[in-house]
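Colleague: According to UniProt numbering, the residues represented by the sequence shown are 1 to 218, in order.
Read the hints as simulated data drawn from the structure, not as lab findings.
From the three backbone atoms N, C-alpha and C, an ideal C-beta is built for every residue, glycine too.
Do not rely on the hints blindly, as some may be mistaken.
If you anchor each label on the Cβ, the simulated ranges turn out as follows [claimed, not checked]:
| id | residue 1 | residue 2 | range |
| --- | --- | --- | --- |
| 1 | Thr-16 | Thr-130 | 32 to 42 Å |
| 2 | Asp-121 | Thr-16 | 19 to 29 Å |
| 3 | Lys-97 | Tyr-122 | 20 to 30 Å |
| 4 | Phe-83 | Val-184 | 35 to 45 Å |
| 5 | Ile-128 | Lys-97 | 37 to 47 Å |
| 6 | Val-184 | Gln-18 | 43 to 53 Å |
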Amino acid sequence: MHIQTKSIEFKADSLTEQGSFSGYGSVFGVLDSWDDIVAPGAFTKSLQSLASKGRAVPILWQHDTENPIGVWSDLKEDSVGLFGDGSLWLDDAPSAKLAYKGMQSRAITGLSIGYITRSADYDQKTGIRTLKELDLIEISVVTSPANDEARITNFKSRIAEGSLTERDFENILRDAGFSRSDAVAITNHGFKSLLQRDAGVRSDEIKAVFDAFSIAKI
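Can you make the complete structure from the sequences, with help from the hints?
Modeller: And the structure:
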């Protein structure tokens, strides 16, 4: 299974001098740029499993598994989404200090979950995928709620698990600045050929495509 990511904007109003803060790592019922909706209760089984094993969810810096900067506690689902209390390891992790300064100055504004999809429904008519059960792996502090690296990770994961749709591909092009008609035309010509070589798609190749899209619109 492949780990995917989803980001939301975080307001650091609750950030303390000790590096503690509270916030939502994920919100329910909101359609994102991938035409995904996280359903209420999507994290229930994962949180129960973590609790039974006595495991805590780490705070990572930019989804880097080799760079933990803190720990989450009291993670729970409410009517809005997945809420928790975070604690940065300011005395022990250099990147935690960077994250703290960025959050404090509001230069760093994103929280992003790393997860594995266990159950999802896809609506062929609307192109919307409802994520019904997710395994929570980590929640990161990220520079921005939307960034190319997260898009690349999700892009590769969608290809690998066979859930990348034409609408997803169109959304990538629309995000890059193409009109709807241009995005549809490019998708019709390039989407199938991309899927046919999915095993060999590398992050640098996908980034090159994103960069090319951006340059083409300058």
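Colleague: Each hint needs a verdict: does it hold in this structure or not?
Modeller: The hints, checked one at a time:
no., hint, result
1, Thr-16 <-> Thr-130: 32 to 42 Å, "holds (36 Å)"
2, Asp-121 <-> Thr-16: 19 to 29 Å, "violated (40 Å)"
3, Lys-97 <-> Tyr-122: 20 to 30 Å, "violated (42 Å)"
4, Phe-83 <-> Val-184: 35 to 45 Å, "holds (38 Å)"
5, Ile-128 <-> Lys-97: 37 to 47 Å, "holds (40 Å)"
6, Val-184 <-> Gln-18: 43 to 53 Å, "holds (51 Å)"
Consistency note: the structure conflicts with the earlier hints numbered 2 and 3.
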